[in-house]
Amino acid sequence: MSLRGTMDLTCLQLLLFVTSVLSWTTDQACLTVSTNRSQFFKDESVSLSCEEDDSSAGWTLRRNTTKRQMTQCGDGWGKSNGSICNMVYMEPLDSGVYWCESREGSTSSIINITVSGGSVILQSPVLPVMEGHDVTLHCQTKSPPSKLPADFYKDGSLIRTEPTGHMTIHHVTKSDEGLYKCHISSHGESPPSWIRVINNSSESNTTPETTTCENASHPPPSSLSSLPFVLVSIASICFLALLGLLVFLKTPCVVRTSKGETQTDVVPLILCCMFVFPHSNLHYDYYSVNYILVLCS
1 MSLRGTMDLT CLQLLLFVTS VLSWTTDQAC LTVSTNRSQF FKDESVSLSC EEDDSSAGWT
61 LRRNTTKRQM TQCGDGWGKS NGSICNMVYM EPLDSGVYWC ESREGSTSSI INITVSGGSV
121 ILQSPVLPVM EGHDVTLHCQ TKSPPSKLPA DFYKDGSLIR TEPTGHMTIH HVTKSDEGLY
181 KCHISSHGES PPSWIRVINN SSESNTTPET TTCENASHPP PSSLSSLPFV LVSIASICFL
241 ALLGLLVFLK TPCVVRTSKG ETQTDVVPLI LCCMFVFPHS NLHYDYYSVN YILVLCS
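Note that the UniProt record's numbering numbers the sequence shown so that position 199 is 199, with each residue one more than the last.
If you are wondering where the hints come from, they were derived from the structure by calculation, not from laboratory data.
By construction, the Cβ of each residue, glycine as well, lies at the ideal position given by its N, Cα and C atoms.
Computed list of lysine to any residue pairs in SDA-like fashion (alpha-carbon distance at most 25 Å, straight line):
#	residue 1	residue 2
1	67	34
2	42	188
3	174	132
4	174	36
5	42	62
6	67	90
7	154	200
8	174	133
9	79	110
10	147	133
11	42	187
Ranges between beta-carbon positions, derived for each pair:
#	residue 1	residue 2	range
12	149	69	39 to 49 Å
13	149	86	28 to 38 Å
14	74	156	32 to 42 Å
15	186	64	28 to 38 Å
16	163	82	40 to 50 Å
17	161	88	28 to 38 Å
Work the whole structure out from these sequences, hints included.
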């Protein structure tokens with residue numbers, strides 16, 4: 001490949017590099033639950049919040065239910081107070097998956113919440129359980145007495161019957177992961193709930209009681225906090241890539257912009273690969289990249 005072809009390829013590679021770097025994000029959020037259980041009776045209350053690693057990320061609580069798809073707190077459900085969402089007098093239609101999401105589209109892990117209109121629920125952890133920890137499941141009735149004999153099931157199979165309505169799994173392992181439910185005679189059966197087990201070296205820094213803090217996904221575009229890194233990286237790579245070419249190449253280039261074409265000699269060749277860096281509108285919703293097209297004859 002000629003030096004002229006190399007120059008064209010270098011500028012194209014730099015443009016692709018900008019695009020890829022701008023897609024790197026490190027924003028994370030921890031989804032916090034006021035009570036660590038996945039099932040609730042109708043008309044109960046719960047508070048969910050998004051604890052932010054980056055306060056500028058603008059995390060919002062969202063959910064996906066059978067009634068409405070991907071709506072945020074305050075949009076017909078819940079009362080939003082910053083990153084906290086308070087849900088009172090819950091209905092079975094509030095059952096679904098909940099997660100935190102930033103303006104850029106990064107997400108926390110999801111949790112499943114079930115609101116039952118029946119008379120029995122299974123009180124099980126809504127958050128992942130660490131391997132080696134003990135987990136206690138409670139088969140709860142809506143009206144007293146609550147400590148009644150209960151049958152506990154995992155993946156549809158009876159585990160055992162407990163006389164006081166609660167069952168403890170000691171030193172949980174991955175094999176304990178599954179779908180659990182319970183049944184109390186003359187009262188009925190609870191909805192099923194999934195119990196997830198994670199190991200000590202997993203991606204989660206979960207505490208047993210209240211929070212789940214997992215790696216967020218990293219869809220583009222990134223936040224503006226990455227721009228200083230982009231600026232330094234592009235300037236350094238562009239300089240190193242073109243320094244050797246400047247010694248040998250004595251060819252004029254045509255710089256084509258929205259204002260027309262201008263001729264440039266070898267010295268301003270570095271400017272041929274400079275970019276107008278991404279910028280956003282007032283709401284930081286959209287990003288655009290403007291670049292200078294270089295044609296070397």
